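Asks: Residue strings, one per chain:
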Amino acid sequence: MSLYDSLGGEAAVNAAVDIFYRKVLADESISHFFDDVDMERQAAKQKAFLTYAFGGPNHYTGQAMRAAHAPLVAQGLNESHFNAVAGHLQATLQELSVPQPLIDQVMAIAGSTHDDVLNL
Amino acid sequence: MPLLQFQQRTYDCAPGETVLDCLTREGATVPSSCRSGVCQTCLMRAVDGAAPPASAQNGLKPTLRAQGYFLACMCRPQEAMEITLAGEDVAPRTPAVVVAKERLNGDILRLTLRCFQPFEYQAGQFAHLSRADGLSRSYSLAGLPRPDGVIEFHIRRLPGGAMSAWIHESLRVGDIIDVAGSYGNCFYLPDAPTQGMLLIGTGSGLAPLWGIVSDALKQGHTGPIRLYHGSWKPEGLYLVDALRHLAAEHSNFTYVPCVDNDATADHREGRADLLAHADLPDLKGWRVYLCGHPDMVKSARKRAFLAGASMQEIYADPFVLSAPPAPAAKVA
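Top to bottom, those sequences are chains A and U.
Under the working numbering, the first sequence has 59 at position 59, and the numbering climbs by one with no breaks.
Under the working numbering, the second sequence has 132 at position 132, and the numbering climbs by one with no breaks.
What the hints contain is simulated information worked out from the structure, not anything from laboratory work.
Among the hints, erroneous ones may be present.
Cut-off 25 Å, straight-line C-alpha distance, at most; resulting in silico cross-link-like pairs (BS3-like, lysine-lysine) [to be verified]:
#1 A:Lys23 x U:Lys101
#2 U:Lys61 x U:Lys302
#3 A:Lys45 x U:Lys284
Quick partial rundown of chain U residues pointing at chain A, CB under 8 Å, derived from the structure [unchecked claim]:
#4 Arg25
#5 Val30
#6 Cys34
#7 Ser36
#8 Gln40
#9 Leu144
#10 Tyr183
Keep in mind it's a predicted model, so treat the numbers as computed, not measured.
The beta-carbon is built from N, C-alpha and C at its ideal position, and this holds for glycine as well.
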């Protein structure tokens, strides 16, 4: 069974996205990156990101990740922000009682975006 | 092969092909991103012909699904469809005669029009009003739809506002004005009759919310309905008696008039959105409607989400101004 199916597929993404996005918005160290963005559009992007991190269907490329985050890097996006978001993803999965081995796999996928997101 | 009508051209969809792939293959420009049915960048609307398959509407708000919106990257049409990009669907203009203009308070008047055929809309939606010279603005329809073609708007006199000045000062009973619509995703759905509904509005944002409340009660909504209407001054409130009357008739409806810095027995003191948050700190499972000042709508939306309301259950209708208002204007 794929990681995505083991996690529970789209239902799992839907359960996770509101929890994850709430944690991100409530974190003052990163919420300013979302100030000008329409909340619903941003929630849809968070859902797309979680689908990707859960090993689900997506057409993301490193180049697309790089381009999408370049304006944020220009605003000062750095390692500490990346780690904050990763921490919220981990906390969300723990809150949903996802087994640790699956959490590790999701965190590995999320971690693999590091260089593209930070434009390194 | 199903035919697609899009931007005055006809497109022939190959068997099993998605709308996005078909249009793009033939050189049309359709915005897209994840191409996996998640990010909603490729949102389109079916305006005629077959309804989009349910699988192409996954993740869309119920009010969008009800209006035929769908995701082009997931839609594999079985029958002919006429489609538009989201935001490009334009309703035809229809003339209406001004039947009445009445003051509701110092800033807001009730504009009553009669169209020459019944004007269909969902309570909570808005329409475009257009003058003969082309000046056009959006206003929320007030109250419930009627079978006699009569429609109502609550028009706030905006300092420096071109359309509102003309409506308040020049437009006369008996004049003709063009109406196009209806638009908007803020309306009542009877899918959860026991759900809690929180509605927060400022100024003339009361117009659509009053319609949504009336619609909910008419359709037998039994869950709690809490309406908070706010103004920065007592004179900014209106429809107070009508709403108190409605609350007296329906035990599940609560009306809370709020004035920013004024405490009297008639209303609560404070901002409508903050009072609502204090009264209802946990919005898990609630549906939330927000109408009026864009700053209030933006901050109340975030507050509602952080208080536990699901993104899918928050309906925001900010009254964005077409031009910056004159300085020294206090916006209610």
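Asks: Please go over all the hints and tell whether each is borne out by the structure.
Replies: To see whether the hints hold, each was checked on the structure:
| no. | hint | result |
| --- | --- | --- |
| 1 | A:Lys23 x U:Lys101 | 49 Å, violated |
| 2 | U:Lys61 x U:Lys302 | 18 Å, holds |
| 3 | A:Lys45 x U:Lys284 | 22 Å, holds |
| 4 | Arg25 | 16 Å, violated |
| 5 | Val30 | 15 Å, violated |
| 6 | Cys34 | 5 Å, holds |
| 7 | Ser36 | 5 Å, holds |
| 8 | Gln40 | 5 Å, holds |
| 9 | Leu144 | 27 Å, violated |
| 10 | Tyr183 | 17 Å, violated |
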